[in-house]
Amino acid sequence: MTTPDATVLRQHAEQQYAHELEALAAHDTRPRPPRWNLSPHAVLTYLLGGTLPDGTEITAKYVGDRRLMEIAVATLATDRALLLLGVPGTAKSWVSEHLAAAISGDSTLLIQGTAGTAEDTLRYGWNYARLLAEGPSPAALVQSPILRAMQSGKIARLEELTRVQSDVQDTLITILSEKTLPVPELNTEIQAVQGFNLIATANTRDRGVNDLSSALKRRFNTVILPVPDTLDDEVRIVTARAQALSAALQIPAQPPALEEVRRIVTVFRELRSGTTEDGKTRLKTPSGSLSTAEAISVVGQSLSLAAHFGTGTLTPHDIAASLIGAVIKDPTQDALIWREYLETVTKKRDDWKDFYKACRAVS
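Under UniProt numbering, the very last position in the sequence shown is 363; numbers go up by exactly one each time.
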């Protein structure tokens, strides 16, 4: 595992929250599955937040249904792999990283799935210089992150599983069912040790791209991560993550006012759902996903504008300039939808007049 470095742009979860993980381990008296750094109960506390007996505050990494996280953690303590499914921006990768950090102390055993992901990326490859010089040997074997997780008894992560070609996906079937990886070139196999498991993520918008085979689906327990249930929940998530991002990037701006974040989140939720929060007005939805993750980016961008080209305090002018790029992905269709939203919804809200004027100025 890499050494923590305060100068890196983004630390791994096990580095950034090392003090919380150490405190949880020190107070954790419950049974731990083999090679788990924490008990399932302590992993859940790490994800959802809480206060330890010594007063240590554990920050919430996930805001949402507790039962979903209980199912996710419990799944990883069994012989079934975990599939986190949801629309873009529902914290699938974020939850995956923090689960691996809390359970294994290592979230770096990661494969990014793409249409070009090859079978050896999931299984193993070869150092061809050594292979030509020495022939097949353990020293010439290039281990995949999944193979390393099998040998060390840790959690492996596979992002965007449905982006991977179907025949490559099925490479996982033997690994997940038999907990072994045959290496026919060496006439041997790699057997997973206790503690090994896999977390995969998939985007529901990718259905039909490379659907999982029924055999592979049976190897996973699926947890669907929804968009935040309430406006308040989403505001909490965006505020906390935006402040953490601003601090990591050392953006010299004041923390965003709650009402400004609420305004951004309200816009996203209304355009995403196709109706205003009070349910009285139907709206057209833009082509983009308008996810919680994008709302966090809009706040971060707005803070950067305020810090470097404004007063240092977030204003409607900063928000409007950042919001346009998130909402308008299609310059023709989305621009019309945005202008209609401004005139039929934003303009009529008395406490949004400054925001309306700023949006009209940049639209």
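Take the hints with a grain of salt, since some may be wrong.
[Unchecked claim] The calculated label-pair distances, taken between Cβ atoms and stated as ranges, are:
| # | residue 1 | residue 2 | range |
| --- | --- | --- | --- |
| 1 | 187 | 153 | 21 to 27 Å |
| 2 | 279 | 118 | 45 to 51 Å |
| 3 | 279 | 30 | 22 to 28 Å |
| 4 | 142 | 360 | 55 to 61 Å |
| 5 | 52 | 229 | 41 to 47 Å |
[Claimed, not checked] With a straight-line cut-off of 20 Å between C-alpha atoms, the simulated SDA-like cross-links for lysine to any residue are:
| # | residue 1 | residue 2 |
| --- | --- | --- |
| 6 | 179 | 151 |
| 7 | 357 | 247 |
| 8 | 329 | 285 |
| 9 | 353 | 228 |
| 10 | 284 | 186 |
| 11 | 347 | 311 |
| 12 | 348 | 330 |
FYI, nobody ran anything at the bench for these hints, they're computed from the structure. These numbers were taken from a predicted model, which means no experiment stands behind them. We put the CB at the ideal spot given by N, CA and C, even for glycine.
Hints, verified against the model:
1. 187 x 153: 21 to 27 Å: Roughly 24 Å apart at Cβ, these two residues keep to the hinted range, so it holds.
2. 279 x 118: 45 to 51 Å: holds (49 Å)
3. 279 x 30: 22 to 28 Å: The hint (22 to 28 Å, Cβ to Cβ) is violated, given that residue 279 and residue 30 are roughly 44 Å apart.
4. 142 x 360: 55 to 61 Å: holds (56 Å)
5. 52 x 229: 41 to 47 Å: violated (27 Å)
6. 179 x 151: Distance ~11 Å between residue 179 and residue 151 Cα, so the pair holds.
7. 357 x 247: violated (30 Å)
8. 329 x 285: holds (12 Å)
9. 353 x 228: With a Cα-Cα distance of about 27 Å, the restraint between residue 353 and residue 228 is violated, given a limit of 20 Å.
10. 284 x 186: violated (59 Å)
11. 347 x 311: It is violated: about 25 Å lies between the C-alpha atoms, which goes past 20 Å.
12. 348 x 330: It is violated: about 26 Å lies between the C-alpha atoms, which goes past 20 Å.
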